[in-house]
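Visitor: Starting from the given sequences, assemble the full structure and let the hints guide the process.
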Amino acid sequence: AQSVTQLGSHVSVSEGALVLLRCNYSSSVPPYLFWYVQYPNQGLQLLLKYTTGATLVKGINGFEAEFKKSETSFHLTKPSAHMSDAAEYFCAVSRTGGGADGLTFGKGTHLILQP
Amino acid sequence: NAGVTQTPKFRVLKTGQSMTLLCAQDMNHEYMYWYRQDPGMGLRLIHYSVGEGTTAKGEVPDGYNVSRSTTEDFPLRLLSAAPSQTSVYFCASRPSGELNEQFFGPGTRLTVL
Chain A
1 AQSVTQLGSH VSVSEGALVL LRCNYSSSVP PYLFWYVQYP NQGLQLLLKY
51 TTGATLVKGI NGFEAEFKKS ETSFHLTKPS AHMSDAAEYF CAVSRTGGGA
101 DGLTFGKGTH LILQP
Chain B
116 NAGVTQTPKF RVLKTGQSMT LLCAQDMNHE YMYWYRQDPG MGLRLIHYSV
166 GEGTTAKGEV PDGYNVSRST TEDFPLRLLS AAPSQTSVYF CASRPSGELN
216 EQFFGPGTRL TVL
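These protein sequences, in sequence, are chains A and B.
If you're matching positions, the first sequence starts at 1 in my numbering and goes up one per residue.
If you're matching positions, the second sequence starts at 116 in my numbering and goes up one per residue.
Simulated from the structure, these hints should not be mistaken for lab results.
Glycine included, every Cβ here is placed at the ideal spot set by N, Cα and C.
Mixed in with the good hints, there may be bad ones.
As the list claims (entries may be wrong) - DSS-like cross-link-like pairs, simulated, lysine-lysine; straight-line CA separation at most 25 Å:
(1) A/K68 / A/K58
(2) A/K69 / A/K49
(3) B/K172 / A/K107
(4) A/K107 / B/K124
To be verified - Label-pair distances were calculated between CB atoms; the ranges are:
(5) A/S80 / B/T185: 43 to 51 Å
(6) A/S9 / B/T122: 26 to 34 Å
(7) A/K69 / B/E216: 16 to 24 Å
(8) A/P30 / B/L228: 41 to 49 Å
(9) B/E167 / A/L46: 22 to 30 Å
(10) B/P190 / A/A1: 24 to 32 Å
(11) B/L194 / A/S26: 29 to 37 Å
(12) B/T135 / A/T55: 40 to 48 Å
(13) B/A171 / A/T55: 29 to 37 Å
(14) B/M156 / A/L46: 42 to 50 Å
(15) A/T55 / B/F125: 40 to 48 Å
(16) B/A197 / A/H110: 23 to 31 Å
Guide: Laid out in structure tokens, this is it:
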């Protein structure tokens with residue numbers, strides 16, 4: 001069965017600093033990986049996804065993630081944090097190859113921005 | 116397009132009561148999903164449907180029923196609510212075919228006393 005581990009339930013960064021949110025996965029099939037963001041009292045919004053091909057994936061709002069098969073990781077980064085990035089971030093993996101049967105999510109990382 | 120809509124936004128139930136959480140999408144998506152979100156647990160899949168007339172169990176299906184009589188609607192039923200079902204419930208949908216992203220509704224916050 002697929003699983004996702006997000007290291008750090010809370011990450012605090014200063015505005016303008018590098019954002020690094022860690023995600024490791026376990027999958028018995030070639031994984032399809034996703035990062036979602038959740039702003040307070042809202043649903044989830046897709047930031048980016050990895051399916052096949054280029055291992056460095058660019059998403060919205062300046063975020064990017066790199067798929068590293070050897071490390072079973074899919075860490076999310078942003079070079080310069082903005083106050084508006086404060087939110088909950090979820091890494092997810094498709095339950096099976098095609099993903100028809102839904103996603104398995106990590107427990108989430110709350111990104112805190114300090115002025 | 117309204118996207119994925121959920122009603123109600125909030126609800127308080129007493130133990131043993133029943134209720135239906137409504138989910139509708141106007142994007143003609145074949146696949147639909149129900150997740151629950153609990154603090155420190157992320158989202159967990161309850162049930163899903165890959166098309167009209169079909170449903171399947173996810174990770175945590177006990178205590179919940181679903182049906183899919185139309186493409187647009189995917190209601191979630193709690194037959195006898197329990198305090199353990201206090202949670203935020205999210206409905207999602209996506210087009211068929213591999214690798215397409217899921218679109219999420221705004222959620223329903225349910226408290227069972």
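Visitor: The structure should be examined with respect to each hint, and the outcome stated for every one.
Guide: Hint by hint, here is what the structure shows:
1. At roughly 15 Å between alpha-carbon atoms, A/K68 and A/K58 fall within 25 Å of each other, so this suggested pair holds.
2. For the hint linking A/K69 to A/K49, the alpha-carbon distance of about 15 Å falls within 25 Å, and the restraint holds.
3. Simply put, B/K172 and A/K107 have alpha-carbon atoms about 21 Å apart, close enough for the 25 Å limit, and the pair holds.
4. Between A/K107 and B/K124, the direct Cα distance comes to roughly 23 Å. Compliance with the 25 Å bound is thereby established for this hinted pair.
5. Take A/S80 and B/T185: their Cβ atoms lie about 46 Å apart, and the range 43 to 51 Å holds.
6. For A/S9 and B/T122, the Cβ-Cβ distance of about 31 Å falls inside the hinted range of 26 to 34 Å, so the restraint holds.
7. A hinted range of 16 to 24 Å for the beta carbons of A/K69 and B/E216 is consistent with their spacing of about 22 Å.
8. Judged by the Cβ atoms, the range 41 to 49 Å given for A/P30 and B/L228 holds: they are separated by roughly 45 Å.
9. Between B/E167 and A/L46 the beta carbon distance is about 25 Å. The supplied range of 22 to 30 Å therefore holds.
10. One distance hint, 24 to 32 Å for the beta-carbon pair B/P190 and A/A1, holds here, with the actual separation near 28 Å.
11. Taking 29 to 37 Å as the suggested C-beta distance range, the pair B/L194 and A/S26 conforms, at roughly 34 Å.
12. The beta-carbon spacing between B/T135 and A/T55, approximately 44 Å, falls within the hinted interval of 40 to 48 Å.
13. Remark: the range hint 29 to 37 Å for B/A171 to A/T55 is upheld by a beta-carbon distance near 32 Å.
14. Distance hint check: the CB atoms of B/M156 and A/L46 are about 20 Å apart, inconsistent with the given range 42 to 50 Å.
15. Roughly 42 Å separates the CB atoms of A/T55 and B/F125, a value that falls within the hinted 40 to 48 Å.
16. Our hint of 23 to 31 Å for B/A197 and A/H110 holds, since their Cβ atoms are close to 28 Å apart.
In this structure, the one hint that does not hold is number 14.
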